[in-house]
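Protein chains in written order, with this note's numbering: chain F, -19 to 448; chain A, -19 to 448; chain P, -19 to 448; chain D, -19 to 448.
Rather than coming from a laboratory, the hints here were simulated on the basis of the structure.
The beta carbon of each residue, even a glycine, is placed where N, CA and C say it ideally should be.
Please note that the accuracy of each hint is not assured.
[Unchecked claim] In the DSS-like style, the derived pairs of lysine-lysine whose C-alpha atoms are separated by at most 25 Å in a straight line are:
| id | chain 1 | residue 1 | chain 2 | residue 2 |
| --- | --- | --- | --- | --- |
| 1 | D | Lys96 | D | Lys434 |
| 2 | F | Lys102 | D | Lys102 |
| 3 | F | Lys343 | F | Lys354 |
| 4 | A | Lys315 | F | Lys315 |
| 5 | F | Lys102 | D | Lys435 |
| 6 | P | Lys435 | P | Lys102 |
| 7 | D | Lys432 | P | Lys315 |
| 8 | A | Lys343 | A | Lys102 |
| 9 | F | Lys432 | F | Lys102 |
| 10 | F | Lys96 | D | Lys102 |
| 11 | F | Lys315 | F | Lys96 |
| 12 | F | Lys96 | F | Lys354 |
| 13 | A | Lys434 | A | Lys96 |
| 14 | A | Lys354 | A | Lys343 |
| 15 | A | Lys102 | P | Lys343 |
| 16 | A | Lys435 | A | Lys96 |
| 17 | P | Lys315 | P | Lys96 |
| 18 | D | Lys102 | D | Lys313 |
| 19 | P | Lys343 | P | Lys354 |
| 20 | P | Lys432 | A | Lys102 |
| 21 | P | Lys432 | P | Lys102 |
| 22 | D | Lys354 | D | Lys96 |
| 23 | F | Lys102 | F | Lys354 |
| 24 | A | Lys96 | P | Lys343 |
[What the hints assert, rightly or not] Estimated spans, in silico, between C-beta atoms of each pair:
| id | chain 1 | residue 1 | chain 2 | residue 2 | range |
| --- | --- | --- | --- | --- | --- |
| 25 | A | Glu218 | P | Asp374 | 56 to 62 Å |
| 26 | F | Gln33 | A | Ala384 | 40 to 46 Å |
| 27 | A | Asn385 | P | Asp99 | 54 to 60 Å |
[Said to hold, decoys possible] Not the full set, but computed from the structure, chain D residues with beta-carbon under 8 Å of chain P:
| id | residue |
| --- | --- |
| 28 | Val38 |
| 29 | Val40 |
| 30 | Thr182 |
| 31 | Arg231 |
| 32 | Asp233 |
| 33 | Tyr242 |
| 34 | Ser293 |
| 35 | His294 |
| 36 | Lys313 |
| 37 | Asn317 |
| 38 | Glu321 |
| 39 | Trp367 |
| 40 | Tyr429 |
There are 4 protein chains.
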Amino acid sequence: MNGFHDECGVFGVFGHPDAAKITYLGLHGLQHRGQESAGIATSDGGRLHLHRQMGLVVDVFSEEVLAALPGDSAIGHVRYSTAGSSSLQNAQPIRCEFAGGALALAHNGNIINSDKLQDILKNRGHVFQSSSDSEVLLHLVADSYDDELIHGVTGMMNKALGAYSTVMLSPRELIIVRDPRGFRPLVIGQLDDALIVASETTSLDLIGASVEREVEPGEVITVDENGVRTFRPFGRTELSRCVFEHIYFARPDSIVFGQQAYTVRKELGRQLAREQPVEGADLVIPVPDSGVSAAIGFSEVQDAPFDMGLVRSHYVGRTFIEPEQRIRHFGVKLKLNPVPELVRDRVVVVVDDSIVRGTTSRKIVEMVRSCGPKSVHMRISSPPTTWPCYYGIDTPSRDELIAANMSIDQITESTTADSVGYLSVAGMHRAVSGSSSDGYCDACFTGNYPVKTKKDWPPRRHGRKDQC
Amino acid sequence: MNGFHDECGVFGVFGHPDAAKITYLGLHGLQHRGQESAGIATSDGGRLHLHRQMGLVVDVFSEEVLAALPGDSAIGHVRYSTAGSSSLQNAQPIRCEFAGGALALAHNGNIINSDKLQDILKNRGHVFQSSSDSEVLLHLVADSYDDELIHGVTGMMNKALGAYSTVMLSPRELIIVRDPRGFRPLVIGQLDDALIVASETTSLDLIGASVEREVEPGEVITVDENGVRTFRPFGRTELSRCVFEHIYFARPDSIVFGQQAYTVRKELGRQLAREQPVEGADLVIPVPDSGVSAAIGFSEVQDAPFDMGLVRSHYVGRTFIEPEQRIRHFGVKLKLNPVPELVRDRVVVVVDDSIVRGTTSRKIVEMVRSCGPKSVHMRISSPPTTWPCYYGIDTPSRDELIAANMSIDQITESTTADSVGYLSVAGMHRAVSGSSSDGYCDACFTGNYPVKTKKDWPPRRHGRKDQC
Amino acid sequence: MNGFHDECGVFGVFGHPDAAKITYLGLHGLQHRGQESAGIATSDGGRLHLHRQMGLVVDVFSEEVLAALPGDSAIGHVRYSTAGSSSLQNAQPIRCEFAGGALALAHNGNIINSDKLQDILKNRGHVFQSSSDSEVLLHLVADSYDDELIHGVTGMMNKALGAYSTVMLSPRELIIVRDPRGFRPLVIGQLDDALIVASETTSLDLIGASVEREVEPGEVITVDENGVRTFRPFGRTELSRCVFEHIYFARPDSIVFGQQAYTVRKELGRQLAREQPVEGADLVIPVPDSGVSAAIGFSEVQDAPFDMGLVRSHYVGRTFIEPEQRIRHFGVKLKLNPVPELVRDRVVVVVDDSIVRGTTSRKIVEMVRSCGPKSVHMRISSPPTTWPCYYGIDTPSRDELIAANMSIDQITESTTADSVGYLSVAGMHRAVSGSSSDGYCDACFTGNYPVKTKKDWPPRRHGRKDQC
Amino acid sequence: MNGFHDECGVFGVFGHPDAAKITYLGLHGLQHRGQESAGIATSDGGRLHLHRQMGLVVDVFSEEVLAALPGDSAIGHVRYSTAGSSSLQNAQPIRCEFAGGALALAHNGNIINSDKLQDILKNRGHVFQSSSDSEVLLHLVADSYDDELIHGVTGMMNKALGAYSTVMLSPRELIIVRDPRGFRPLVIGQLDDALIVASETTSLDLIGASVEREVEPGEVITVDENGVRTFRPFGRTELSRCVFEHIYFARPDSIVFGQQAYTVRKELGRQLAREQPVEGADLVIPVPDSGVSAAIGFSEVQDAPFDMGLVRSHYVGRTFIEPEQRIRHFGVKLKLNPVPELVRDRVVVVVDDSIVRGTTSRKIVEMVRSCGPKSVHMRISSPPTTWPCYYGIDTPSRDELIAANMSIDQITESTTADSVGYLSVAGMHRAVSGSSSDGYCDACFTGNYPVKTKKDWPPRRHGRKDQC
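Turn these sequences into a full structure, and let the hints guide you.
Below, the structure is given as structure tokens:
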């Protein structure tokens, strides 16, 4: 029941006769990262083929469409996009022709100096056809291209600031790039003789591929018929992995940044119970599905029974028609309904992963309250969200973030809960990494943005070139 | 992860200015009972308006479609249909003109003497346009009609054997009928001044209506501008409420046959743990979503931790494209993925509500096994399913029911589990009703079919007419 | 540019391995008779298969749909329907199960005592699911059925008054029926060993079938594996063939009621020029496409050059969006545009086949006038349309028929033409049949309705059974 | 029945409150120039809005889509595209952001040095996302842009060789450009206070706009809130207007290059009759609709009656399903059917505008022959088509052009006609311009291509700037 939205998931395969179908399957394992559009580009060794469309993976690709995507290598993409720019124009992969030939690109992340880069390129006569960062990345590659594609790619990495887990496909090559800070996850695996790359391990699990390792922050991997090569244009760099991948985005069955998301999430719940116990609690219920793992952890430490006290309907999409004024406000009710008998006369703890605007939390509290509990306590398995994300998560502006504008007391009153308790920043880091906040970006909780301007960017490339 | 499918859900409203929209919302709360087609018929006091289509409720009805369904009363329907007869022709409600004027009908259940009734009517010159029981019911009403609609309805009840929770709409009247055995649930409630009827209480919860009571088995309720009247043409009758509504069909937040489905289901899990404990179990995981409540109950009695060790993807629909031979068999993997870290080195109990063909269970066991547990034990919160249902549930034939053809040992071997344990029939009844099997149909487990021929049918009507 | 609409076209084939595809092709040759819905029913010898949908033939049937219509015999239908009842519910063929088994039916025409027949059947317990005459015909067949289908068919013919060119398909038999008055055309032909039946010869031409003969008025033809049999339950009957088929409905390349429609239409134009010449005319232009043949005939007798002075666009469908008030009234302009240079400074004769409401004619006159002609004269190749049709043509009510409410002078004024001239009733008959009005229905011009009540119906069946 | 296809039609409006709807209507009047995709871009003074889609104008734009295209200025486009590149990617208008802001462009024509220009731009780092000339034109504008848009436009005109009738829309300006050779038509008109531009006058007629004048070859017209300005960067230039616009492309009611297309076409037929009369001809029939005007002209000079001996069906689209082998080759029959009675025992002249591959002509001759004429003579109102077009018409390659590979005798034999006669090149020019071939491109008949390389391009701009 989260108000945040990740922007994307990416996938790539090189060297499999069913590249398009493998990608189609792999994208199913990333569907939770983006539901607005999906696309696949393949290479048959000579030409690139592309299909992308608004909609879920299962709806975008028919047997016929997949048959029209021949070749042994492919990249794929799923996308969530904000209302304003929700259009086919921004769907990915995008494909272009430039001096180096044909190139398709799919990325997950956000380029913070995108506008500035566009202006520079426009002044050199460049023409843009969308508002997407992906197009900027392609232009940067083309702009730095110099007989070798890798030069274009490293040129791009020197200029684009921010978060990018990116896959590119030329007629003969798959190129994998993760930004030097490593904001977004990206892992590689193997299926038969084919190399696979995906945003999450769920995607590899689904196709039966082995999970080999994370793509390292700042690493470029190229795959062609001569094999796999890896480059690290910036050398070792300081990491800023997104802590919210652990709190919410990644699927619980994913291994993210080397850890099982489910276990981390449960530990967040345990830590939350240590910091914010509820006296006399005799029922712990999650907001499904986002709060389940944390609620189980909370229940263990709190030593109060866990139950699925809110039932979720999985059939309601976005196109729901609101009835007239007199019977309005069904949004949340369509998705959630309490189990009255469980809740009645209990001291109930409702666990969720975050509160964004607060409107959903209030409806949940009211819903639970209507079943006659003794009291209703909200517990949140992350710190108050007070700052927007500039690295690839679509957050509301600060005006809309309840925790940026209200005290805990005010939030408690606003949600009509008997109490509201958040996890501390320190507690969060303890649960995630067992120790310090090193290596993670927690800007949405602290406002400490790791990359703001060019000077925050990793040192220029040393010319070091590692062979894989 | 159940292989059974309920046939339908029905809804009705009388006396609300937004009848079509209320019905649209109400059908969302019944969507789990049927996902193949949806329909709404409304009355504007003079004419009946109808829209029905293949697809989910959210896809079938647009703003424009709802606007073309005027009036203060409405009935609605969601339907699951078997492959063979999956067509618009069989979508409901169906609407007709007969001597009594216009009439629309929607029903949940199955008429066991449908073929015979059709033959009799055909010999009198009747013409049928579908293979649906609903059309037979309409013909029976028309055939017994005699100036008053209630005569047609009671005539129909005298002839149609089996399960029917049915709503009918004439231009000026809503008629609600539940068969004398009460196989399928049907409840009434109130929203403002309007009477509401629905298959499950979830539907009433969603629209904010109060839950008044169950429609009694054998009861006919008519609602028109003069008020509500109730008839019991057969007097008191012996009940055969479907025990599977508790085990699987109803949503856990529904109150079915007077009991909270979630609580009953959890008690089934508790009883299962008493009967079939797993020695040394250190993890209890459900097959989501069907096994969750029972697994929580099992975990309590077994005193082993409950965790969501299998993660379900909610984005995969029916039109999924199978890849080539070499990467086949993704059916289950697309929906479920284990959380490896949880399962590793544990004695794992996997709880589900039933085993139908056994193929899914085998895949689940293999999936869990691949994560390196000590052992994997299947526990099923219902008795072995050995007989088909003739009262409205779409079951495979006996050939396909694994428990009708194999011993427990053979099933264990077939699923590759370390052990398989089912709940006993007696244990099931204890969990459901606290005592005997009275009032429930358990034919799918026992083969004791409560209604086979005309002689099993309730006594003819005594002429008693109760005013509400 | 005609405001009348025929209701339907029918097609049938027995004994061809590609029955569905032959029917699909044949319906293309009847598409001008109905553009709102299309349908095909086939028999595989045991079961009937049906597909029908709103839309043009080319849109309704895909490769996949045709593949799902197996069998050696088929019937098909195209339909135009009035706004009020334009729905899938009324699309044809319709299929039913009755005491005689499965039966599908498609018809062209109109049953004038349909309401009365429905009432009688409803009082016997019959249930109707549409407002179509076709369903009434099926019920009549079922009602009179008595071990042999032919009894059902002749029973139907005894009761249904009006116009019906009908094809029926049972699992093993194709039945062809034309009403005793022969209002609507129906011809049979041969393709390889298969018997073909169609509303017009264009349909037979298209599939390369020979044209054998008209189905005779009052004739029933049955085709099964034992061969072709013909019945004439009423013996010889008085004919009322629709003269408007010649004036407008049939395609000019059709041979209708034994005559080439193009030639008849040209002769109507020649006769019109004899009766209503335009002094000093130096240009004759048709309203395309309906007025072309008559205009060529007119031009020959008038001895003034023929030119295509109005150009028609064929790309505009029904869903055209009207712009705001200030730029309205584009309806006619979207379809027609004059050739200015042709018209300028000429005495122009505009020839059309009929005037219905007069609004289109006015727009055409204004359009031509805007190009600067000396004068504009409307000539109509049929008499004033003053009465509605009850035999299968969808006409406006008398209120809306301009010629039922205005004198020729008033019509001239209303259309803003310099003169308007109609063909006489006598002239029309001379052009059509070379002599008297015998054998034709001209009720829309004269109000002389050949069938009003039961007594106008042909003598009861004599029991005479003619073998083919 | 022509095998050639024009590439496009363009439309523009500045200063009308209903700009999108005016454009929608205007595109209907150009629909014959392209049926594969349609698009409209509007400006609300600040932003550009765009909708484009595969399909006919009437299908691409709904009420809702038009409502989402606000503003007082707009450009529109219809497109025919060859199979290979038939995709949304190439639909127009295309919209971009460049240094000068937002810009949308729609064009009709073909740039012969497009590949070379792309290479040059790619080497400067440009990125292309489609294979369309339109994108090249946008890049050229952006590349030459220098604070004023007009500099970008004239820069583009200096580099792009070939045919372009182009409209561009910036947030505040409409720019109209016609190439210096004037290959494709482009006219301006007025509606209320708004300036309108369109490929053909039919488009202006439809919306009720006046026709002001042709956009002159080499002329640039800019329209903004300060008024209309015109530029002629190259001064006066030698014209190469496409003679095929007169022979086939333009609608007969269009005034093209200052002449009524219908009249020119009729004169082509008259000249054809002078050059290639048919002895003893007693019937002249056109291949509809392309041969109608010429056939009327032929009939006048030949003094043989004109009749519509072939009837065209307008309902068949591209998605037609071919039946099995045994009943194949229905392509032409679905569109055309002869009127047997007209043709029987006559010496028939069939007039068409051109023969491309010869397959259609053969089918037409066979079709007419099957009705029993004395003889069948093909007469073609243009010279043999022997060379491909590089200026915006989609022609087959020379291998496929029958006249490039066969003598007249061979063509006669191939089509099975009794004789085939073409118009001479000289005769064509006489009919079109009354005299010499000056000012027209006839390369498809002669191979005399007016623009092949840069040196054929008009003199560089003199800096002369004419105020309108």
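Verification of the hints:
no.: 1; hint: D/Lys96 - D/Lys434; in the structure: holds (12 Å)
no.: 2; hint: F/Lys102 - D/Lys102; in the structure: holds (14 Å)
no.: 3; hint: F/Lys343 - F/Lys354; in the structure: holds (17 Å)
no.: 4; hint: A/Lys315 - F/Lys315; in the structure: holds (20 Å)
no.: 5; hint: F/Lys102 - D/Lys435; in the structure: violated (31 Å)
no.: 6; hint: P/Lys435 - P/Lys102; in the structure: holds (24 Å)
no.: 7; hint: D/Lys432 - P/Lys315; in the structure: violated (40 Å)
no.: 8; hint: A/Lys343 - A/Lys102; in the structure: violated (48 Å)
no.: 9; hint: F/Lys432 - F/Lys102; in the structure: holds (23 Å)
no.: 10; hint: F/Lys96 - D/Lys102; in the structure: holds (22 Å)
no.: 11; hint: F/Lys315 - F/Lys96; in the structure: violated (42 Å)
no.: 12; hint: F/Lys96 - F/Lys354; in the structure: violated (56 Å)
no.: 13; hint: A/Lys434 - A/Lys96; in the structure: holds (12 Å)
no.: 14; hint: A/Lys354 - A/Lys343; in the structure: holds (17 Å)
no.: 15; hint: A/Lys102 - P/Lys343; in the structure: violated (56 Å)
no.: 16; hint: A/Lys435 - A/Lys96; in the structure: holds (15 Å)
no.: 17; hint: P/Lys315 - P/Lys96; in the structure: violated (42 Å)
no.: 18; hint: D/Lys102 - D/Lys313; in the structure: violated (49 Å)
no.: 19; hint: P/Lys343 - P/Lys354; in the structure: holds (17 Å)
no.: 20; hint: P/Lys432 - A/Lys102; in the structure: violated (32 Å)
no.: 21; hint: P/Lys432 - P/Lys102; in the structure: holds (23 Å)
no.: 22; hint: D/Lys354 - D/Lys96; in the structure: violated (56 Å)
no.: 23; hint: F/Lys102 - F/Lys354; in the structure: violated (63 Å)
no.: 24; hint: A/Lys96 - P/Lys343; in the structure: violated (63 Å)
no.: 25; hint: A/Glu218 - P/Asp374: 56 to 62 Å; in the structure: holds (57 Å)
no.: 26; hint: F/Gln33 - A/Ala384: 40 to 46 Å; in the structure: holds (45 Å)
no.: 27; hint: A/Asn385 - P/Asp99: 54 to 60 Å; in the structure: holds (56 Å)
no.: 28; hint: Val38; in the structure: holds (5 Å)
no.: 29; hint: Val40; in the structure: violated (11 Å)
no.: 30; hint: Thr182; in the structure: holds (6 Å)
no.: 31; hint: Arg231; in the structure: holds (6 Å)
no.: 32; hint: Asp233; in the structure: holds (4 Å)
no.: 33; hint: Tyr242; in the structure: holds (4 Å)
no.: 34; hint: Ser293; in the structure: holds (7 Å)
no.: 35; hint: His294; in the structure: holds (5 Å)
no.: 36; hint: Lys313; in the structure: holds (6 Å)
no.: 37; hint: Asn317; in the structure: holds (5 Å)
no.: 38; hint: Glu321; in the structure: holds (4 Å)
no.: 39; hint: Trp367; in the structure: violated (30 Å)
no.: 40; hint: Tyr429; in the structure: violated (32 Å)
The earlier numbered hints that this structure contradicts are 5, 7, 8, 11, 12, 15, 17, 18, 20, 22, 23, 24, 29, 39 and 40.
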